[in-house]
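Q: Following the hints, position chain G against chain A.
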Amino acid sequence: MSTRLSGPERRQTILSQAQRLFAEKGFHGVSIDEISRAVSVSPAILYRHFDSKQELYDAVLQQLACQRESYVDTVVNSGTNFEDVLTGMTHVFISSVDENPNLLRIEMQSLLDGNPATSEFFKNRWKSFTDYIEFGLNQSMPYDVPNREITILSAGLMFQGMVREALLQKYLQPEDRLVDVSMSELSHELVRLFLRAIGIEKSRLSRKAVISS
Amino acid sequence: MCEFDAEMDATGLACPLPILKAKKAISELRAGQVIKITATDPGSVKDFAAFATQTGNELVSSTEEDGTYTFLIKMLA
Chain A
273 MSTRLSGPER
283 RQTILSQAQR
293 LFAEKGFHGV
303 SIDEISRAVS
313 VSPAILYRHF
323 DSKQELYDAV
333 LQQLACQRES
343 YVDTVVNSGT
353 NFEDVLTGMT
363 HVFISSVDEN
373 PNLLRIEMQS
383 LLDGNPATSE
393 FFKNRWKSFT
403 DYIEFGLNQS
413 MPYDVPNREI
423 TILSAGLMFQ
433 GMVREALLQK
443 YLQPEDRLVD
453 VSMSELSHEL
463 VRLFLRAIGI
473 EKSRLSRKAV
483 ISS
Chain G
9 MCEFDAEMDA
19 TGLACPLPIL
29 KAKKAISELR
39 AGQVIKITAT
49 DPGSVKDFAA
59 FATQTGNELV
69 SSTEEDGTYT
79 FLIKMLA
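Here the protein sequences line up with chains A and G, keeping their order.
Numbering-wise, the numbering used here puts 462 at position 190 of the first sequence, and it's gapless, one number per residue.
Numbering-wise, the numbering used here puts 76 at position 68 of the second sequence, and it's gapless, one number per residue.
In isolation and in its complexed conformation, chain A is listed as follows (with noise of 0.2 angstroms):
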């Protein structure tokens, strides 16, 4: 067999090793040199496949967006009620950062970073929750009550600082305390708890509609 890369497949070997090191060092910590040397061929051949370190970032994106989670199973297969669907997104959510921590990684560097792109696909991300429950409140919670657009909005980042804290000591801050608790237990506690702070009780919420670890 030979060991020549085609095309496609030098330019995935190069897409790979570059998210691993922008996952690392940020945009700005890695060279297009040690990515060369990261995939063992020289810049030229590199930049044959991109133009430039920001084409190859833009590429190591638009690759993860096009991994991004889909949400279509959840909602078609579970309950219509807000507490399920928060439920199922949150172990999708969950379940994809399990299965590529560099999205995490890529997302703590990029808010330092501060590239556009990067930004735009992250908040979009975490929009899907706040938008998602900023509308369910809307829906559910009475007219009169005191400060209901602040309330709304809070709870909104409210989870999602949850979700994210949970998320950064887990997989990039092991902490003693939480290594022997699973993802998915977390994940049930923390949207159980929230349900409870926002005034939805989850009695109706069974067990096996939460993830399976």
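What the hints contain is simulated information worked out from the structure, not anything from laboratory work.
Because the structure is a prediction, the values reported are computed rather than measured.
Any given hint could turn out to be false.
List time: in silico DSBU-like cross-link candidates among lysine-lysine, alpha-carbon distance up to 35 angstroms [what the hints assert, rightly or not]:
hint	chain 1	residue 1	chain 2	residue 2
1	G	44	A	325
2	A	399	G	44
3	A	297	G	54
4	A	399	G	29
5	G	82	A	325
6	A	297	G	82
7	A	395	A	297
A: Just chain G, lined up with the frame of chain A:
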């Protein structure tokens, strides 16, 4: 443009809201009827194709114009 029996606007909404609204909307349709759905989330192209397959209905068309995506889904069952 093909004729349709119902219309649903999901512009400005992020997944899964368009899918959720579509699921509710199609439950009120009969076999043979067509629903027109508009959305702006770029992910909706893939999502509505998967939605049609998973619900056993037909995605008649999927088009884009100026950032707005239009889908026609025909109820088969």
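Q: Each hint needs a verdict: does it hold in this structure or not?
A: Against the structure, the hints:
1. Distance check on the hinted pair: residue 44 of chain G and residue 325 of chain A sit about 42 angstroms apart at the alpha-carbon level, beyond 35 angstroms; violated.
2. For the hint pairing residue 399 of chain A with residue 44 of chain G, the CA-to-CA distance comes to about 24 angstroms; that is within 35 angstroms, so the pair holds.
3. For a cut-off of 35 angstroms, the pair hint linking residue 297 of chain A to residue 54 of chain G stands: about 32 angstroms separates their Cα positions.
4. For a cut-off of 35 angstroms, the pair hint linking residue 399 of chain A to residue 29 of chain G stands: about 17 angstroms separates their Cα positions.
5. Of the supplied pair hints, the one linking residue 82 of chain G and residue 325 of chain A is violated, its CA atoms being roughly 45 angstroms apart against a limit of 35 angstroms.
6. Of the pairs offered as hints, the one joining residue 297 of chain A and residue 82 of chain G is violated, with about 48 angstroms between alpha carbons and a cut-off of 35 angstroms exceeded.
7. In summary, the hint linking residue 395 of chain A to residue 297 of chain A is supported, as the alpha carbons are separated by about 20 angstroms, within the 35 angstroms threshold.
Violated hints for the displayed structure, listed by number in ascending order: 1, 5 and 6.
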